[in-house]
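Asker: Since the structure of chain A is already known, use the hints to place chain B with the ligands on it.
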Amino acid sequence: MNKTATGFTKKLDIPTPKEKLRHPMDRYLRTERFPHIWCATCGIGTILTAFISGLEKSGLEQEKVAVVSGIGCSGRAAGYLRLDSFHTTHGRAIPFATGLALGNPELKVVVISGDGDLVAIGGNHFIHAARRNIDLTIICINNFNYAMTGGQAGPTTPIEANASTAPYGCYEFPFNLPYLAESSGAVYVARWTSLHIRRLAKSITEALLKPGFSFIEVICPCSTLYARRNRLGTGLDLMRFYHDNALIKHGADTREIDIHYQDRIVVGKFIDKDKPTFLQKRDKFLRGKLGDKFVPYKGPQPI
Amino acid sequence: MEADPIGVATGNHYIDGDHACAEGAIAAGCRFFAGYPITPSTEVAERIAERFPKVGGLFIQMEDELASMAAIIGAAWSGSKAMTVTSGPGFSLMMENLGLATMLETPCVLVNVQRGGPSTGLPTLTGQADMMQARWGSHGDYEIIALSPNSPQECFDLTVTAFNLAETWRVPVLFMMDECVGHMTEKVVIPEAKRLHVVPRKYYRGKKESYRPFSFNGSAKTAPMVKTGDGYFIHVTGLTHDERGYPVINAETQDKNVRHLVNKIRDNEEKIRLLEEDGVADADVIVIAYGISSRVALKAVNDARNKGIKVGTLRLITVWPFPEKRIRELAATTKAFVVPEINMGQIALEVERASRGRAKTLLVPHAGGWVHNPNDILKAIEEGAA
Ligand SMILES: Cc1ncc(C[n+]2csc(CCOP(=O)(O)OP(=O)(O)O)c2C)c(N)n1
Ligand code: SF4
Ligand SMILES: [Mg+2]
Numbered sequence: 092m093n094k095t096a097t098g099f100t101k102k103l104d105i106p107t108p109k110e111k112l113r114h115p116m117d118r119y120l121r122t123e124r125f126p127h128i129w130c131a132t133c134g135i136g137t138i139l140t141a142f143i144s145g146l147e148k149s150g151l152e153q154e155k156v157a158v159v160s161g162i163g164c165s166g167r168a169a170g171y172l173r174l175d176s177f178h179t180t181h182g183r184a185i186p187f188a189t190g191l192a193l194g195n196p197e198l199k200v201v202v203i204s205g206d207g208d209l210v211a212i213g214g215n216h217f218i219h220a221a222r223r224n225i226d227l228t229i230i231c232i233n234n235f236n237y238a239m240t241g242g243q244a245g246p247t248t249p250i251e252a253n254a255s256t257a258p259y260g261c262y263e264f265p266f267n268l269p270y271l272a273e274s275s276g277a278v279y280v281a282r283w284t285s286l287h288i289r290r291l292a293k294s295i296t297e298a299l300l301k302p303g304f305s306f307i308e309v310i311c312p313c314s315t316l317y318a319r320r321n322r323l324g325t326g327l328d329l330m331r332f333y334h335d336n337a338l339i340k341h342g343a344d345t346r347e348i349d350i351h352y353q354d355r356i357v358v359g360k361f362i363d364k365d366k367p368t369f370l371q372k373r374d375k376f377l378r379g380k381l382g383d384k385f386v387p388y389k390g391p392q393p394i
Numbered sequence: 148m149e150a151d152p153i154g155v156a157t158g159n160h161y162i163d164g165d166h167a168c169a170e171g172a173i174a175a176g177c178r179f180f181a182g183y184p185i186t187p188s189t190e191v192a193e194r195i196a197e198r199f200p201k202v203g204g205l206f207i208q209m210e211d212e213l214a215s216m217a218a219i220i221g222a223a224w225s226g227s228k229a230m231t232v233t234s235g236p237g238f239s240l241m242m243e244n245l246g247l248a249t250m251l252e253t254p255c256v257l258v259n260v261q262r263g264g265p266s267t268g269l270p271t272l273t274g275q276a277d278m279m280q281a282r283w284g285s286h287g288d289y290e291i292i293a294l295s296p297n298s299p300q301e302c303f304d305l306t307v308t309a310f311n312l313a314e315t316w317r318v319p320v321l322f323m324m325d326e327c328v329g330h331m332t333e334k335v336v337i338p339e340a341k342r343l344h345v346v347p348r349k350y351y352r353g354k355k356e357s358y359r360p361f362s363f364n365g366s367a368k369t370a371p372m373v374k375t376g377d378g379y380f381i382h383v384t385g386l387t388h389d390e391r392g393y394p395v396i397n398a399e400t401q402d403k404n405v406r407h408l409v410n411k412i413r414d415n416e417e418k419i420r421l422l423e424e425d426g427v428a429d430a431d432v433i434v435i436a437y438g439i440s441s442r443v444a445l446k447a448v449n450d451a452r453n454k455g456i457k458v459g460t461l462r463l464i465t466v467w468p469f470p471e472k473r474i475r476e477l478a479a480t481t482k483a484f485v486v487p488e489i490n491m492g493q494i495a496l497e498v499e500r501a502s503r504g505r506a507k508t509l510l511v512p513h514a515g516g517w518v519h520n521p522n523d524i525l526k527a528i529e530e531g532a533a
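Protein chains in written order, with the working numbering: chain A, 92 to 394; chain B, 148 to 533.
Pairwise CB distance ranges, derived in the manner of DEER restraints:
id	chain 1	residue 1	chain 2	residue 2	range
1	A	L338	B	Q401	44 to 52 Å
2	B	E356	A	L327	37 to 45 Å
3	A	L381	B	E390	43 to 51 Å
4	B	Q401	A	P387	40 to 48 Å
5	A	K366	B	E333	42 to 50 Å
6	B	Q208	A	R378	15 to 23 Å
7	B	G426	A	R222	52 to 60 Å
8	A	L381	B	E423	40 to 48 Å
Keep in mind that the hints were calculated from the coordinates and are not lab data. Using N, Cα and C, we set each Cβ at its ideal position, and we do this for glycine too.
Just chain A, with the same shape it has in the complex:
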């Protein structure tokens, strides 16, 4: 108790030693699993923070949001989130999430995974889930390499960048992910870097509230492997690079936003349109064909 200027006493809002100091985001985290596995100055943690703020702002019930990851450093995201969370197999997060989301249409299912996971080994699932407009939010953490396995080249490694399996530099053409997502049918497409935390969080809120296949690419520093191999400095130096070279261009033509090695990165919200989801389309279509004989899928039996 403190004496205030007016002489009244007021209880200060300081936790007693018995109360644990809790961060407001703790309720979304499996804090009992900390310390996490990510390296110092890796960007994945910041993206997770942006995800939690975006989720909080969305107003969605925590219990009705599930997260699915594949395998990789980015794929460990599911393991730290206090949501129903699934750490699956390499590349199969999207089809697993498809089964989960269709199995219980009340859920909002989010996939958080890496570039290798989502567009190399899982590339086929990515384009088909987008084509079908399955109600999923996909967050692709693009660190330009396969980090978990030691910094190999992947489908987003820029030409010239060095990787452990591209020791003389990468010479393959990389994917332009927003263009891939848009042309496959995504209804929401954005790209940010792990520096653009507030903008990223806003995009995450929008994507979560958007019915259908929404896609956010997040450019992320891998300090330990990609940055070190390419002598780009620490994660902090990469953040500085994003600061100096990211160009916000909402509505940019996705055909024109390829990423070249250590060149400007166009970020922003590129696509935001409406289209019936897989389930909406299916139910309307089948009711039209079958009339009263159509029995909609109601999700799992209540217990």
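Answerer: Okay, now just chain B with the ligands, sitting in the frame of chain A:
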């Protein structure tokens, strides 16, 4: 529990094994199907695509079998009863996530209507050469349950059983048909819903804070599940994990986790086991067969009996877990086992191993494409009796 009448097509049908399997799944309460077309299993998917919209089921044709298997695991965790169907090449692709289903202890059913292999092999003709792949196809150590029907009626009955076993033991169950049984048309009697026993999912009802998605204490105990979205904030991973589902990467946790996966099946083999025996007590020769080969063998068995040979039959309805103990018992009283199978020797190896040299094992192989000539089986019976 009784079956939900909406999915039970009660009555007498004249349908093939693939269609009967589809009806069995719907009757068992399966309401989620993900698959990719492949001969000779496609008719199962086709019937489900036609029937599901009328019974409240959700059918999705995925982009491949990797996705199909992943999707049914996701659906199972949403609380649905889920199934996929495939043949040879697709079965190979499903092995990846069969491992995930095993590791996550996910109840679901994977049907393989077997055709000749390897590779594209004989797309339209029969085979039984995926039996060892069923047992060992995904990497790592685990045990599996696999059933093998020998008639369209059994394709119905045992598909219901497969779903029941999946729920009872919290495992993926393999339904190992063959092209002959899949494409054979016979009378199939579907009973009334109230006469069908369906095992519902075991759900946890205790305090949220004390829920554990896995239980590694004692092989007979399998933890009850919860549904995604019910506020338990479960975590599951394909990594080696503890009872909370959290990854723990060390030899001690691996030991608990893997022993549990293996023992819950191994220790309960006799409870899971479905065998059909005839005249084995005083038999000099016992024919051990499964699927279509068990029916072809009957001709040889009758011929042998007419010749005065004391021959019995043992039909494996559950092929996995292998009824090792039963075979060992019979090996003590019989001279020889004859094993006709449409492969170059798979289950025969298990029979030989289980009988531990007490009885001879005579394999009657067939490379696939057609069933055995019963005379080849008869010859082996005569050799065994001699
Ligand atoms: C089927 C299969 N192939 C290969 C691997 C090995 N593996 C694990 S993570 C990974 C790449 C991950 O890259 P990415 O998705 O970009 O994630 P990051 O680690 O960069 O965040 C690979 C190849 C695997 N686990 N499974
Ligand atoms: S290896 Fe790279 S991506 Fe993985 S945790 Fe470290 S910095 Fe992050
Ligand atoms: Mg990566």
